[in-house]
Amino acid sequence: MSFLEVENVRKDFGDYHALRDVSFAVEKGEVVTLLGPSGCGKTTMLRALAGLETIDRGRIALGGRELAHDGRVHLAAEKRGIGMVFQSYALWPHKTIFENIGLGLRLKKMPQADIAARVRWALDIVGLPGSESRFPSSLSGGQQQRISLARALALEPTCLLFDEPMSNLDVSLREKMRFEIRTIMNDAGITSVYVTHDHEEAMVVSDRIMIMQSGRIVQQGSPREIYLRPKSRFVAEFLGGANLFPLDVERSVPVEGQFVTTGGLMLRGSPVEALPPDPLVFFRAEALRHGSAEEEGATVLRATVESACFLGGAIQCGLRASGMAIAASLPVVPEVSVGEQIELVLSPQSVSVIADCH
Amino acid sequence: MSSCRSSTSEMRGIPVTRAEYGTGTQAMARRLGRVGRREAPVLATVIILFGLVVVPVLAMVCNSVTTPQGGLSGRYWAEVLGTARYLRAIGHTLLLAIPATALAGVIGLGQAWLIVRSDLPGKRFLHMASIVPFFLSPFLGAVAWGMLLSPHVGLFNRLFMLVGIGPVDIYSSLGIIWVTGLYYAPYVYLFVQSALHNLDPSVEEAAAISGLCPMGTFWRITLPLISPALISALLLTLVAATGQFAVPALLGAPVRIRTMTTYIYDLSNMFPPRFGLAAVLSLLLVVIAAAGLVVQKILLGGRSFVTVSARARKHTVVPLGRLRLPLFGVLMVFVLATTVLPIVMLFYASLVPHYDGSLAFHLLTFAHYREIFLSNHLVESAVWNSLWFAGISATVSLLLAVWISLIMNRTRSPLRGLIDFMVTIPAAIPGVTLGVALLWTWIDVPLPVYGTGWLLFIGYIVGFMPFAVRAVSSVHRQIDVVLEDALRMAGGNALQRLRHVTLPLLKPGIASGWVLVFVICVRELDVPVLLYSPGNEVLSVLIFSRWEDGDYGMLAAMAAIQIMLITVVLIAASCLFRVEVAPPTS
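Quick note, the sequences are listed as chains A and B, same order. Residues 5 to 362 (the numbering used here) are what the first sequence spells out, left to right. Residues 43 to 628 (the numbering used here) are what the second sequence spells out, left to right.
One should not assume that every hint holds.
[Unchecked claim] Subject to a maximum C-alpha distance of 27 Å in a straight line, what follows is the list of computed DSS-like cross-link-like pairs (lysine-lysine): (1) LYS83/A - LYS113/A; (2) LYS112/A - LYS99/A; (3) LYS83/A - LYS99/A; (4) LYS112/A - LYS549/B; (5) LYS99/A - LYS32/A; (6) LYS549/B - LYS99/A.
Quick caveat, the hints were computed from the structure, so don't treat them as lab data.
Can you build the whole structure from these sequences, using the hints too?
What follows is the structure in structure tokens.
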């Protein structure tokens, strides 16, 4: 039995099906992410875990205790012992940092001296020692989010929920905070569920990613699995930089790893036993490399550069090969220019076949 | 419940299998029970509001179509709509209200533009001074101007006569229009100045870049953009000016200028009272007010906020050049007219033994004040009554307002629309009308309300609680519910969330709402004039009755005390809570 169990959860808002049938399990100490575009149901799922939203069907259990069951059982949010970090930080503007972190402890009737010690401990963890007497409005967005995290940690929750905690921060701060949160979570070892629509953030913070689409979990796995072996067009495209081409089933020989797209492009990939319905050939933009390498079984593509955009870490190119538009993310050196003919190789390990829909 | 239902369906002979039937009703009963438990407090609120607000309106309708014998009859409607003096009163009401609204509009719009947009000196002071007439009230304004421009004892008229003009008679239609316009201008001012503040400055900058001069920008860009706010302010003022009682009663009644409200007062106060006719006139007033409010709501509701920018940006200040000081002077004249002269007038009259229009500084005396606090128990108790009624009404209004605001902003109850509607009804009921309606409602209720202080208290609550609701709710709407969720996640139950998060954050709204209701209750004449009972006289009622007796010295002393009460509360509020109380807009 897993630490956090979610079974067949459904939730409707009127005619809108926010959660259609969501099941997943989280082990103790694990950090998982619900990743998906806006409106996919990830925030509703998180709020249902928190107890801020009731569920219509299904079951949620934490550490063997039933939190919600079929709309009959609903343990109030304040009794679940779950912590939450909100997108808008949700710090109380009329209270000092000390009061913000200590209020929950005070409501638990903890002695004043212990509260002070615990607040200090929490502030140390998030790297803002000594800010007890300040007010939230005097802190930057990043600092406020750390206080929000400290407030959740101070209560020693059995489980911690993150609702898009970085989306109000600017890009450079967001990238820094990802790693910090990951470090803090590793050190604290608290079971966590993290919600975001940013796939890079999800990959940094989580042990396991669950991709949600229209109220369902469509794929879950480690960041690496999800990125390299998406099961559907949706997952492949959501994680960015996907090349997808419909497969010509007649001319392809899947068991030998020979794939021909309907446009006539020939690609070599890993052998496949059985094709899914509506098969697509898939490879990532960064799987293409310069050169006419002699690698065993590699595909060599001769392409015309139609657009090239220098991004600093890579050049993002639009190519055309055998009449097909291909996206490629190439190294900065050698330089490529529009109109140039280039030769690229594609390793068979990078090419796979996925279903057009799940 | 289950057995009861089953017997009825068996009687109807509806074949239902046991199993199906049992689970179906049980589930439904469970759901109904849950909805019932959740909605019960909301339903109770709806019932209380219905009793306080809707029943008086129904009583009004009832009275207008039933005879004292209890029969249904259209004769009161026929009498009002077929008698020349009532028709004249309706016409007069509108002929006074429309020019008064226009005057308030010109003053308010001018003040707003000059204070928000021009390089006038002393803007902060002028802003405050533009609002003060609201607190001073049209009632005391009429009292003071009645003394300044009385044809017999008017101080100004004495001066005018020295230079060979006048006398100017304030007891006239023009007098009523002058005082009403001056004292309703703050409504227009507040609406327009907030619209001007919210206007995206880049819209006007674009006009300037396109080659429009400052005046062209005002007429062709700014004015059209703020017109929804301006028009709705004018409509509100028109509604208020149509339903006002104090000014026409003080300045019109003595010279037989009759309006609908003064007729309603007279018809209810004569013996025997002619409630049927008063009810018809009241309903006509309510219809006029409701129509105005509906149009205003449509105008404001359809307003798009595209020109309102989220970021606060400084507006460019329009330099007035050579007109700067003359225009400053014009605004200062208004400050003199609305505030300084009336207050000086009232204090002076309260300090001379017998006010007769002459200046007699060597005779100054505290005799009237001494009389109030040492020998005249009626007036002394009126001072305390005013304080108590205002304080308790404000407190109860605020408790109700917080409760209603919680329902409106933090539940998904389907009854919210109904509550919202009922809370807006009092805005369409003029004070005197509310007074008669409450009299009729409570006269037959077997509770010790009629003829006691409770009736006056109920009048204050029904009339002014909506201001409290608006003050609290507008703050409540801005509190992100996630702040309450955050305390839930930290283990706080509903009461703890209210105590630690919601109420502290609502404090500005609660404080300004309390002060607003308190001040309105103290200054108000229209509501208590029919609802007070012996022993429960409040200051404004006594001032009014002394006016009818011509006892200027005593009434001026009472007015001075009323002004001091309001001033102390406003200053205390701004020091203690740092809230700036403003008349209600929206």
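Evaluated hints:
no., hint, in the structure
1, LYS83/A - LYS113/A, "holds (15 Å)"
2, LYS112/A - LYS99/A, "holds (18 Å)"
3, LYS83/A - LYS99/A, "holds (23 Å)"
4, LYS112/A - LYS549/B, "holds (26 Å)"
5, LYS99/A - LYS32/A, "violated (33 Å)"
6, LYS549/B - LYS99/A, "holds (14 Å)"
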